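Student: Using the sequences plus the hints, can you model the full thing?
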Amino acid sequence: MKFSEQWLRGWVNPQVSRDELVARLSMAGLEVDSVTPAAGQFSGIVVGEILTTEQHPDADKLRVCQVSNGAETFQVVCGAPNARPGIKIPFAMIGAELPGDFKIKKAKLRGVESFGMLCSAAELQISEENDGLLELAADAPVGEDIRKYLNLDDASIEIGLTPNRGDCLSLAGLARDVSALYDVPVTRPVVPAVPAAHDEVRPVEVSAPAACPRYLGRVIRNVDLSKPTPLWMVERLRRSDVRSIDAAVDITNYVMLELGQPMHAFDLAEINGGIRVRMAEEGEKLVLLDGQEVALRADTLVIADHTRALAIAGVMGGEHSGVNTEKTRDLFLESAFFEPISVAGKARSYGLHTDASHRYERGVDSQLAREAMERATALVLEIVGGEAGPIVETVSEQHLPNIAPITLRAERITQMLGMEMDAAQVEQLLNALELKTSANGAGQWTVTVPSHRFDVSLEVDLIEELARLYGYNNLPVRYPQARLAPQARPETRGELPNLRRLLVARGYQEAITYSFIDPKLFELFTPGVEPLLLANPISSDMAAMRASLWPGLVKAMQHNLNRQQDRVRLFESGLRFVGQLGDLKQQPMIAGVVTGSRQPEGWANGRDGIDFFDVKADVEALLGYSGALSDFSFVAGKHPALHPGQTARIERDGKEVGYLGAIHPELAKTLGLDRPVFVFELVLGDVVEGRLPKFSELSKFPETRRDLALIAGRDVASSSVLEVIRDNAGEWLTDLRLFDVYQGKGIDPDRKSLAVGLTWQHPSRTLNDDEVNETLQTILTSLEQRLNTTLRK
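Heads up, the sequence shown is in my numbering, so the first residue is 34 and it goes up one at a time.
If you are wondering where the hints come from, they were derived from the structure by calculation, not from laboratory data. Bear in mind the structure is a predicted one, so any value in this text is a computation, not a measurement. The reader is advised that the hints may include incorrect statements.
What the hints assert, rightly or not - In silico DSS-like pairs for lysine-lysine, Cα to Cα no more than 25 Å straight-line:
1) K671 to K553
2) K618 to K688
3) K181 to K35
4) K553 to K618
5) K671 to K688
6) K649 to K785
7) K588 to K649
8) K826 to K785
9) K588 to K702
10) K785 to K671
11) K778 to K702
12) K141 to K181
13) K141 to K94
14) K671 to K588
15) K688 to K649
16) K618 to K671
17) K553 to K702
18) K671 to K702
19) K702 to K649
20) K778 to K733
21) K35 to K94
22) K138 to K181
23) K181 to K136
24) K702 to K688
25) K139 to K94
Tutor: Here it is, written out as structure tokens:
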């Protein structure tokens with residue numbers, strides 16, 4: 034929103050400087066983006082009148098003009114194409130200074146003396162127009178200082194409004210806020226009702242009342258659009274960044290800037306029958322004022338007559354029904370309230386953005402249309418003449434906005450602002466914004482919200498208004514206060530940063546991938562599971578929330594492999610999402626992906642590829658970090674994304690906590706992987722939950738070790754054998770180690786040989802052979818009974 038400071042001060046004039054006003058507006062939430070002088074710095078320029086012009090004797094493009102300043106006549110050589118007798122223009126006399134420290138002196142142009150300079154708007158830095166002299170009004174007083182005549186000691190102030198403050202997209206709205214900020218009265222222009230001079234009307238039919246709850250129309254006959262727009266209006270429009278077109282259009286733009294109500298003027302002769310406010314027919318054609326032809330959609334609200342569409346409601350009028358200064362004699366003025374949602378985005382969808390759509394999308398006062406109609410009518414009659422007819426209004430009260438009264442509590446104000454605010458001050462600040470307060474007693478008010486403040490609907494909105502007007506910089510500064518008692522950290526629980534450092538030390542690099550993945554990739558890794566889909570994804574290949582960290586890690590690995598990185602070890606910690614909304618489980622996980630050689634390339638290192646047991650060692654390092662490795666077990670398992678013969682389900686006390694294995698060959702083929710790839714994924718909460726170590730006094734007595742060679746079934750897991758041994762080895766067993774597995778010559782093809790070492794140590798004496806042999810016999814008996822495992826002969 035851009036406006037003239039002088040125009041604003043005509044409404045409300047606090048006795049403060051421009052800089053202070055600008056600063057206060059910014060602090061009140063109406064951020065000032067720029068302050069631009071209405072003209073450059075110059076002096077000695079007056080209103081001049083060209084009396085006569087003659088062709089320069091030696092230059093085709095120059096004219097010799099006789100120019101009057103009201104007291105004397107001067108000869109001035111000028112090259113402007115519009116220099117002609119009878120017009121009034123800015124005349125820089127000898128001694129005048131133009132912007133850029135350019136001083137006017139007596140000169141001789143192609144042999145002809147020139148005593149001054151005739152100026153364009155660009156030369157005075159009033160605008161960028163430089164195609165000729167700046168022509169002034171015919172009644173401009175010759176000899177008067179141009180700066181005084183055009184009120185150029187002014188500035189254009191541009192504010193960047195947030196979308197909720199559509200009420201400040203007008204001088205009336207800005208004046209209301211300035212009045213409240215400085216507690217000074219507002220002087221609104223008097224808008225009397227214009228009596229009807231004839232009874233001609235055009236009937237208005239609204240078939241979409243939800244989109245257009247209020248529509249007003251008025252016929253004005255016998256206007257003379259050849260009359261120019263008054264200079265004061267042209268200047269106010271210019272300083273508001275609106276170009277003057279003709280009187281009818283300028284008046285509607287002026288009322289929009291002044292009151293905030295967009296309006297439109299139709300050529301009455303182009304309207305067939307009455308006005309119909311309806312939804313467009315699919316594919317209906319309309320040529321807009323900018324010459325663009327659009328095919329309308331069925332969801333677009335249009336203003337139409339009985340035969341065709343005339344305008345896109347709240348956006349732009351049509352070319353054929355627009356006002357034409359040469360042929361238009363009668364006007365039909367429109368003033369309406371369009372529901373913001375019905376027009377939101379319509380301008381953008383047609384590649385348009387207009388001042389009207391900018392306001393309607395943010396909301397226009399639903400009660401303003403009649404006042405704006407009367408104001409525009411009075412200006413039309415004053416500037417271009419004519420006779421006004423009666424106003425035709427169609428309104429659907431049930432579809433108009435209705436903001437319920439709000440209860441405001443003093444204790445809530447104190448709580449949110451950190452200070453007590455006097456009741457009289459609360460009422461004064463809110464009433465200044467036309468938020469009518471009614472005290473209920475006991476520190477409460479009932480606040481009635483005016484129709485122009487459609488952004489205020491809650492108690493916190495009122496408190497924000499109080500803070501804004503009181504001054505954010507005047508609110509007390511208080512540091513947050515809280516009782517920050519130190520929290521005990523469980524000693525049995527590990528920390529994720531330590532797990533990260535452990536994996537980095539083992540050659541991994543941390544990756545961070547997106548939590549949303551391609552639904553096709555989701556199906557590959559978790560077939561048969563319904564993904565949680567995003568309602569508004571960034572792209573179609575990022576539409577599903579991951580149920581595993583593997584898809585993102587495998588994609589990151591592929592990215593590295595495609596860039597000649599043959600040895601890849603990546604890990605990630607993050608959430609996986611299991612289930613649907615209402616029953617969604619977000620679970621912290623830690624996962625990894627490994628491929629390539631076992632060791633980095635080097636002259637002393639082998640070139641063997643990574644295998645299952647290398648990755649298992651990394652996983653065991655993670656599990657052992659918390660000191661509870663013995664609680665975990667690796668069990669042969671099945672997973673749709675993993676190789677059926679190289680998959681381990683990781684359990685803790687019988688509960689599944691993760692998986693380890695090689696990517697399934699079919700999945701690898703689908704992903705274009707031509708090498709073994711191993712992955713693991715663990716529930717983070719189970720990995721970091723450990724056991725508190727306890728000190729045991731070191732025994733000074735010797736250890737006793739026995740090695741056993743056992744014959745077990747080929748399908749018997751070594752972990753099961755070790756578990757049976759541990760259950761029967763007694764309390765003094767200090768170490769149990771599997772140190773050899775053999776299958777081959779001399780062994781039944783359906784069986785295998787396991788070599789284990791057992792170590793005992795008593796804390797207070799030396800164990801004898803009989804005790805150890807008795808324990809060994811118990812172990813062998815249990816192995817034979819439970820696992821059909823016997824001592825190798």
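Student: Decide, hint by hint, whether the structure agrees.
Tutor: Okay, the hints, checked on the actual structure:
For the suggested pair K671 and K553, the alpha carbons sit about 21 Å apart, so the restraint of at most 25 Å is met. Taking the CA atoms of K618 and K688, the gap is about 17 Å. The hint holds against a cut of 25 Å. A hinted pair counts as satisfied when its Cα atoms are at most 25 Å apart, and K181 with K35 qualifies at roughly 22 Å. Of the pairs offered as hints, the one joining K553 and K618 holds, with about 21 Å between alpha carbons and a cut-off of 25 Å not exceeded.
As the CA atoms of K671 and K688 are separated by approximately 15 Å, the hinted pair is consistent with the 25 Å bound. Straight-line distance between C-alpha atoms of K649 and K785 comes to about 22 Å, which keeps the hinted pair within the 25 Å bound. Restraint check for K588 and K649: satisfied, since their Cα atoms lie roughly 22 Å apart, inside the 25 Å limit. At most 25 Å may separate the alpha-carbon atoms for a hinted pair to count; K826 and K785 meet this at roughly 13 Å.
Pair hint K588 plus K702 holds up; C-alpha atoms about 14 Å apart against a cutoff of 25 Å. The suggested pairing of K785 with K671 holds, with an alpha-carbon distance near 23 Å, which does not exceed 25 Å. Annotation: proposed proximity of K778 to K702 is violated, straight-line Cα distance about 36 Å (limit 25 Å). At most 25 Å may separate the alpha-carbon atoms for a hinted pair to count; K141 and K181 exceed this at roughly 30 Å.
Taken as a hint, the K141 and K94 pair is honoured in the structure, with Cα atoms around 15 Å apart against an allowance of 25 Å. A C-alpha spacing of about 23 Å is found between K671 and K588, which places the hinted pair at or below 25 Å, so the restraint holds. About 19 Å separates the Cα atoms of K688 and K649, which keeps this hinted pair within 25 Å; it holds. For the hint pairing K618 with K671, the CA-to-CA distance comes to about 23 Å; that is within 25 Å, so the pair holds.
A C-alpha spacing of about 15 Å is found between K553 and K702, which places the hinted pair at or below 25 Å, so the restraint holds. Distance hint between K671 and K702 is fulfilled; the C-alpha atoms sit about 19 Å from each other, no more than 25 Å. As the CA atoms of K702 and K649 are separated by approximately 24 Å, the hinted pair is consistent with the 25 Å bound. Proposed proximity of K778 and K733 is contradicted: the alpha carbons are some 43 Å apart, above 25 Å.
The hinted pair formed by K35 and K94 fails the criterion: a straight-line CA distance of about 38 Å is larger than 25 Å. Note on K138 and K181: the hinted pairing holds, with a Cα-Cα distance of about 23 Å set against a maximum of 25 Å. For the given pair, K181 sits about 20 Å from K136 by alpha-carbon distance, which is consistent with the 25 Å threshold. For a cut-off of 25 Å, the pair hint linking K702 to K688 is broken: about 32 Å separates their Cα positions.
With a C-alpha separation of about 20 Å, the suggested pairing of K139 with K94 holds against the 25 Å cut-off.
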